[in-house]
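As they're listed, the protein sequences go chains A and B.
Residues 7 to 333, numbered by our numbering, are exactly what the first sequence covers, in order.
Residues 168 to 466, numbered by our numbering, are exactly what the second sequence covers, in order.
Because the hints were derived from the structure by calculation, they are not lab data.
Treat the hints with care, since some could be wrong.
Unchecked claim - In silico negatives: residues of chain A with every beta carbon more than 10 Å from chain B:
hint, residue
1, 68
2, 109
3, 120
4, 197
5, 307
6, 309
7, 310
8, 317
Stated by the list, open to error - Non-contacting residues of chain A with respect to chain B, defined by C-beta distances greater than 12 Å in every case (computed):
hint, residue
9, 11
10, 38
11, 52
12, 94
13, 103
14, 106
15, 108
16, 207
17, 302
Unchecked claim - Residues from chain A that face chain B, not an exhaustive set, calculated with beta carbons under 8 Å:
hint, residue
18, 66
19, 93
20, 100
21, 105
22, 107
23, 110
24, 124
25, 127
26, 153
27, 318
The model shown is predicted, which means the values in this text are computed figures rather than measured ones.
Every residue gets a Cβ at the ideal spot worked out from N, C-alpha and C, and that includes glycine.
Each chain, written out:
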Amino acid sequence: MSDPAMLAIRDLDVHFPLVNGQLVRAVEKLSLTLRAGETVGLVGESGSGKTTVGKTALRLVRATAGQIEIDGMDVIGASNRDLKKLRQKAQIIFQDPHSSLNPRMTIRRAVSEGLILNTSLRGKALRDRVAETLDAMGLSAQFHDRYPHELSGGQKQRVCIARALVLEPDLLVLDEPTSALDVSVQAQILGILKDLRATRPALTQLFISHNLAVVRFLCERVAVMYLGRIVEEGPVEQVFDDPCHPYTRALLSAVPVPEARARPDRMRLTGDIPSPTNVPKGCSFHTRCPIAEKGLCDTTPPPLRRTGEARMALCHFAEPMLETPAT
Amino acid sequence: MTDASLEPRTAAIRPPMRFRETRRAIKTYSRSFSSMLGLVIVVLFLFIAAFGPWLAPYPEDAYGAVDFAAKLLPPSAEHWFGTDQVGSDILSRVLIGARTTLQIGVTVTGIAILIGVPLGLIAGMTSGWISEVIMRITDIFLSIPGLILAIAIVGALGPGILNAMIALSLVWWPGYVRLVQAKTLSERNETYVDAARALGAGPLRVLFVHVLPNCLSPIIVKASMDMGMAILGAASLGFLGLGAQPPYPEWGAMIATGRAYLPDWWWATFFPGLAIYLTVLGFNLLGDGLRDVFDPRQR
Chain A
7 MSDPAMLAIR
17 DLDVHFPLVN
27 GQLVRAVEKL
37 SLTLRAGETV
47 GLVGESGSGK
57 TTVGKTALRL
67 VRATAGQIEI
77 DGMDVIGASN
87 RDLKKLRQKA
97 QIIFQDPHSS
107 LNPRMTIRRA
117 VSEGLILNTS
127 LRGKALRDRV
137 AETLDAMGLS
147 AQFHDRYPHE
157 LSGGQKQRVC
167 IARALVLEPD
177 LLVLDEPTSA
187 LDVSVQAQIL
197 GILKDLRATR
207 PALTQLFISH
217 NLAVVRFLCE
227 RVAVMYLGRI
237 VEEGPVEQVF
247 DDPCHPYTRA
257 LLSAVPVPEA
267 RARPDRMRLT
277 GDIPSPTNVP
287 KGCSFHTRCP
297 IAEKGLCDTT
307 PPPLRRTGEA
317 RMALCHFAEP
327 MLETPAT
Chain B
168 MTDASLEPRT
178 AAIRPPMRFR
188 ETRRAIKTYS
198 RSFSSMLGLV
208 IVVLFLFIAA
218 FGPWLAPYPE
228 DAYGAVDFAA
238 KLLPPSAEHW
248 FGTDQVGSDI
258 LSRVLIGART
268 TLQIGVTVTG
278 IAILIGVPLG
288 LIAGMTSGWI
298 SEVIMRITDI
308 FLSIPGLILA
318 IAIVGALGPG
328 ILNAMIALSL
338 VWWPGYVRLV
348 QAKTLSERNE
358 TYVDAARALG
368 AGPLRVLFVH
378 VLPNCLSPII
388 VKASMDMGMA
398 ILGAASLGFL
408 GLGAQPPYPE
418 WGAMIATGRA
428 YLPDWWWATF
438 FPGLAIYLTV
448 LGFNLLGDGL
458 RDVFDPRQR
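Looking at chain A on its own, in the form it has when it is part of the complex (with noise of 0.2 Å):
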């Protein structure tokens, strides 16, 4: 814990006003901290707000309320001049690689675009740093000078990556990298996240996911997200091996296993995630939970439990971590 914290997000509200004047919760409270070098995945139904938090964190979105802090500087608050220095720390990957890219920049030009904006290298030295960092993706000097559209969806979602690491940043936030490519593209593209975590230590990343399998084999802690709020948090084999929250159990319950079988204990959500404009009372997931209690989860907001060294879980019937007296 003594890692000093890279992205620290305290108490954030992100809210959408709506034209009819309902409000879009699609945040609520949310807390969560990355110490340096850390990877955390942010898993959620769609729908839950984990995108949300990811464009917040890089102000591309504005919060309503709350505080966001990367490597110690404020992000909501910050000048033109800061946010110019933020742009540099972090930076993020997107969904769907096709349309993050500039269809009318070759990629060449896509990569050097951020450090014409970030940097003073110019002409030869640039050309270098972009073929290099294009290079490290495994594309060699033929794709430079092409167009987004003569790529594959792999060559372009590396692309982006290069894009985003050529700027040497501390924090990349990565959202659903894989999920808009197809099953062995997403491999290799995992391939070279799970690289990235031995050729750049020191880079914090933000994992945001609805694919536990991936999370589990890239991040080191996780955070669950249900209608805009943490449901539980803790290191990943802890909190997908034995889950103390509902929710989380229902999530790693609904993972395809390859056994024809069917399991027993297999616990199954009934419904839709409910609107973020019409957020439940009470506990909010207790209009699809299987043991919601009546005059209790549709009243009180639970309390944020730990229930372990290092775990948290938003739940009236989370066992609390046993105090051990300190001897």
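With chain A held as given, fit chain B onto it using these hints.
Chain B in isolation, oriented as in the chain A frame:
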């Protein structure tokens, strides 16, 4: 030293790389017969506009030379398109009139783009009252038939070729505002704009480097079609007597004066009409062809 050995290889690869996009565009375009026909007509039109005075057999006839001995002669070897009521050679007048027509098309379309594209970009990139004001004014202009409004404007300014061009420009820009605003709005929400912002691109860079280049193709397509439409509009104003005044060699005005001699002396209206028809058709086919080239689904 490895650099030296690599140099010739990369140099050999690069040129075809750079022109591959262009080659693909040419290939897509030339596949279609009608697009090629449009291109041929437009090129021919531009050629005539450039060299009309030297091509015309009787260039002085274009500017009011009168020869009543030769009036209303039918098409013949001497006067291919015949002569009009004052004995001027119609072929000469049509050839020289091409330049006026081109001027009208370029000016009207150009001014419309200069007014419409910036307004569209502003309306698309901003939200709130600025974009509301721009779009509502645009809607007001779009809700009035363009030619009627142009007639009213020329009526106020007084007839003449220059006033006709001003009037047409003033009614033409709203189409570009709509087009550019819609395109900007969709481009603005593309992920690559977010990516550029994450890289540190400011709003102006996002606008000019990322959004505008991606709006160019529909603008070019609309402009090439509008060339034809503007020419037609100017000819209509000329026909109504609000545009170019006889004996100025403008195709619409020529039809207007020739109308009195229909149907017996048909050539006085037929050939200027044919010239308008072919030119407008040419620009429309060109626009259609360009649309095919720029259509992302073709890629």
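Which numbered hints fail: 2, 3, 12, 13, 14, 15, 25, 27
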